[in-house]
Amino acid sequence: MIGVKNPGSPMRKLAHPYADDFRDTPYGRQLHEGFRLLRFREPLESGFRRYLDRHARLSQQLAALLLIVVVSSYLYIEWHYLAIADSGWMAELTVLRLLQLAPGVAVLLLSVLNRWLSAQAERLFPVLLVLIGVIASRIDIQYELIGLEVAFRYGAGLLIIASFFFLGITFWMSLLCAATMIALDVLLALLLLAPAQLPGHWIAISYYSVLLVIGAVSRYVHEYSQREQFLVRKLLGWVAEHDALSGLANRRSHDASLLRLAGQARRERAPLAMLLLDLDDFKAFNDRFGHPAGDALIRECGELLAGFARRPLDHVARVGGEEFAVLLYDCDAAAARQIAEQVLAALAALQIEHPKSSGGWVGASIGVALLAPGQPAEQLYHEADAALYRAKAGGKNRIEMASGEGAG
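The sequence shown begins at 370 in our numbering and counts up by one.
Since the hints were derived computationally from the structure, they do not count as laboratory data. Incorrect hints may have been included.
In silico lysine to any residue, SDA-like type, Cα no more than 25 Å apart, as pairs [as the list claims (entries may be wrong)]:
1) K765 to F658
2) K652 to H751
3) K603 to A678
4) K765 to R620
5) K603 to R620
6) K761 to A585
7) K725 to H660
8) K652 to Y750
9) K603 to G416
10) K761 to D664
11) K652 to Y758
12) K765 to E692
13) K603 to L406
14) K725 to E669
15) K765 to D754
16) K761 to D656
17) K761 to A665
18) K765 to S726
19) K603 to D754
20) K652 to G732
21) K652 to R679
22) K652 to P724
23) K725 to E692
24) K603 to R423
25) K725 to G763
26) K603 to R679
27) K725 to R679
28) K765 to D656
29) K652 to L713
30) K765 to D650
31) K765 to K603
32) K765 to A755
33) K725 to D701
34) K765 to Q744
35) K765 to G743
36) K761 to K603
Now the in silico label distances, taken between C-beta atoms and shown as ranges [unchecked claim]:
37) A548 to R636: 52 to 60 Å
38) Q707 to R410: 31 to 39 Å
39) L406 to P661: 31 to 39 Å
40) L614 to L407: 26 to 34 Å
The beta-carbon is built from N, C-alpha and C at its ideal position, and this holds for glycine as well.
Make a model of the complete structure from these sequences and hints.
Pasting the structure below:
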């Protein structure tokens with residue numbers, strides 16, 4: 370007899386109300402487990418990274434534009450208004466500012482010219498960010514060396530804030546970039562500044578550290594919210610296309626997949642088969658053992674059928690109360706019938722007790738149909754349904770082909 374979960378069994382507090390009903394899905398399970406370290410199980414983590422990349426492109430372009438405007442403004446002021454020419458450092462400063470500009474110009478050009486190259490370049494953002502931060506630290510320290518009364522300060526601090534809010538990288542990568550910039554700033558100060566100048570620079574380091582803490586806390590809260598919204602959005606999408614009881618695709622998803630696979634089968638001239646399965650005398654099973662057992666039977670049958678549709682283009686769905694549909698791409702009549710026979714054998718092997726079955730166990734009737742050339746996709750379902758009706762009328766727990774041949 371199929372086991373039924375005890376509804377009164379203890380359960381730890383759920384992280385989100387949606388997680389209670391859909392803990393068997395990857396999204397509900399992740400919501401239930403939580404993600405305080407801001408990391409999902411795979412493949413959800415990879416999916417979130419792609420989601421983050423897509424939604425960060427506009428902010429990345431804005432960050433690149435701001436970088437160009439700010440650095441260009443700095444360079445213009447340094448050329449025309451700051452007394453740097455006499456220090457003999459103007460040429461080096463110009464080169465450093467142009468190096469700061471280069472990544473921003475490259476990001477803007479790649480985003481316009483080639484989306485694939487832009488996506489590849491996004492992997493370099495953390496490295497470029499640290500590079501720009503090191504250049505900013507070098508410029509700040511040089512200003513300290515030459516001792517100008519009026520000079521730009523704390524350029525690295527702007528980059529630390531930018532690492533948390535503009536580039537669309539994860540919290541941990543942002544934290545690593547910011548911490549690396551501070552560490553390299555300390556290293557440059559130790560190498561370039563005189564011991565008497567170091568105490569003044571530690572003020573800048575403390576300022577950077579405060580910015581890191583503020584940025585890290587804000588980014589953590591923001592990314593936690595992003596991750597929760599990502600899971601809830603994915604879960605709602607899953608609910609719209611799946612049957613909550615069996616975990617299989619629902620009728621809506623089945624109809625969409627049927628149209629898509631039928632179109633592809635016509636283009637590629639490949640056979641498309643449908644198995645329509647109905648559990649025999651399901652009402653009697655429910656009346657005898659109760660609805661919880663009936664629900665468990667639906668889940669068991671769903672898991673069984675999912676094992677027969679593991680190829681990428683195969684599709685299995687619960688299309689009615691105790692009715693299931695299996696779409697088998699590139700599967701001819703002989704192979705479809707063989708799979709239907711295997712399904713019946715696997716169901717019989719479960720030996721689920723049934724009071725009205727002639728064999729004493731739960732059985733099923735299956736109608737099998739193949740998509741004919743020029744046939745509308747919807748007609749395939751009707752042909753399989755007609756074959757299923759004949760299988761029921763012919764004694765149940767059997768297979769009927771849509772052509773009327775090969776009764777089980």
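Do the hints match the structure? See the list:
Annotation: proposed proximity of K765 to F658 holds, straight-line Cα distance about 21 Å (limit 25 Å). The suggested pairing of K652 with H751 holds, with an alpha-carbon distance near 23 Å, which does not exceed 25 Å. Of the supplied pair hints, the one linking K603 and A678 holds, its CA atoms being roughly 23 Å apart against a limit of 25 Å. Our distance criterion of 25 Å between C-alpha atoms is met by K765 and R620, whose separation comes to about 24 Å.
At roughly 19 Å between alpha-carbon atoms, K603 and R620 fall within 25 Å of each other, so this suggested pair holds. The hinted pair formed by K761 and A585 fails the criterion: a straight-line CA distance of about 64 Å is larger than 25 Å. Note on K725 and H660: the hinted pairing holds, with a Cα-Cα distance of about 16 Å set against a maximum of 25 Å. At roughly 23 Å between alpha-carbon atoms, K652 and Y750 fall within 25 Å of each other, so this suggested pair holds.
The suggested pairing of K603 with G416 holds, with an alpha-carbon distance near 10 Å, which does not exceed 25 Å. For the hint linking K761 to D664, the alpha-carbon distance of about 22 Å falls within 25 Å, and the restraint holds. The straight-line distance between the Cα atoms of K652 and Y758 is roughly 17 Å, inside the 25 Å bound, and the hint therefore holds. Note on K765 and E692: the hinted pairing holds, with a Cα-Cα distance of about 14 Å set against a maximum of 25 Å.
Annotation: proposed proximity of K603 to L406 holds, straight-line Cα distance about 20 Å (limit 25 Å). Straight-line distance between C-alpha atoms of K725 and E669 comes to about 19 Å, which keeps the hinted pair within the 25 Å bound. Under the criterion of a C-alpha separation no larger than 25 Å, the hint pairing K765 with D754 is consistent with the structure, at around 14 Å. Distance restraint check for K761 and D656: the Cα-Cα separation of roughly 20 Å lies within the 25 Å cut-off, and the hinted pair is therefore satisfied.
Of the pairs offered as hints, the one joining K761 and A665 holds, with about 23 Å between alpha carbons and a cut-off of 25 Å not exceeded. Using a Cα cut-off of 25 Å, the hinted pair K765 and S726 holds, with the two alpha carbons roughly 9 Å apart. Restraint check: the Cα-Cα separation between K603 and D754 comes to about 33 Å, which exceeds 25 Å; the hinted pair is violated. At most 25 Å may separate the alpha-carbon atoms for a hinted pair to count; K652 and G732 meet this at roughly 13 Å.
For the proposed pair K652 and R679, the alpha carbon gap of about 30 Å is over 25 Å, so the pair is violated. Between K652 and P724, the direct Cα distance comes to roughly 11 Å. Compliance with the 25 Å bound is thereby established for this hinted pair. Note on K725 and E692: the hinted pairing holds, with a Cα-Cα distance of about 18 Å set against a maximum of 25 Å. Simply put, K603 and R423 have alpha-carbon atoms about 15 Å apart, close enough for the 25 Å limit, and the pair holds.
Distance check on the hinted pair: K725 and G763 sit about 16 Å apart at the alpha-carbon level, within 25 Å; holds. Restraint check for K603 and R679: the C-alpha separation of about 22 Å stays at or below 25 Å, so the hint holds. Restraint check for K725 and R679: not satisfied, since their Cα atoms lie roughly 32 Å apart, outside the 25 Å limit. Distance hint between K765 and D656 is fulfilled; the C-alpha atoms sit about 19 Å from each other, no more than 25 Å.
Taken as a hint, the K652 and L713 pair is honoured in the structure, with Cα atoms around 19 Å apart against an allowance of 25 Å. Distance check on the hinted pair: K765 and D650 sit about 9 Å apart at the alpha-carbon level, within 25 Å; holds. Of the supplied pair hints, the one linking K765 and K603 is violated, its CA atoms being roughly 40 Å apart against a limit of 25 Å. For the proposed pair K765 and A755, the alpha carbon gap of about 14 Å is at most 25 Å, so the pair holds.
Between K725 and D701 the CA atoms are separated by roughly 34 Å; this puts the pair beyond 25 Å, and the hint is violated. Taken as a hint, the K765 and Q744 pair is broken in the structure, with Cα atoms around 28 Å apart against an allowance of 25 Å. Note on K765 and G743: the hinted pairing is violated, with a Cα-Cα distance of about 31 Å set against a maximum of 25 Å. Taking the CA atoms of K761 and K603, the gap is near 39 Å; set against the 25 Å cutoff, the hint is violated.
Separation of A548 from R636 is about 53 Å and conforms to the stated range, judged on CB atoms against 52 to 60 Å. A hinted range of 31 to 39 Å for the beta carbons of Q707 and R410 is consistent with their spacing of about 36 Å. Between L406 and P661 the beta carbon distance is about 37 Å. The supplied range of 31 to 39 Å therefore holds. For L614 and L407, the hinted distance range of 26 to 34 Å is satisfied, since their beta carbons lie about 33 Å from each other.
Checked against the numbered hints above, the structure violates hints 6, 19, 21, 27, 31, 33, 34, 35 and 36; every other hint is satisfied.
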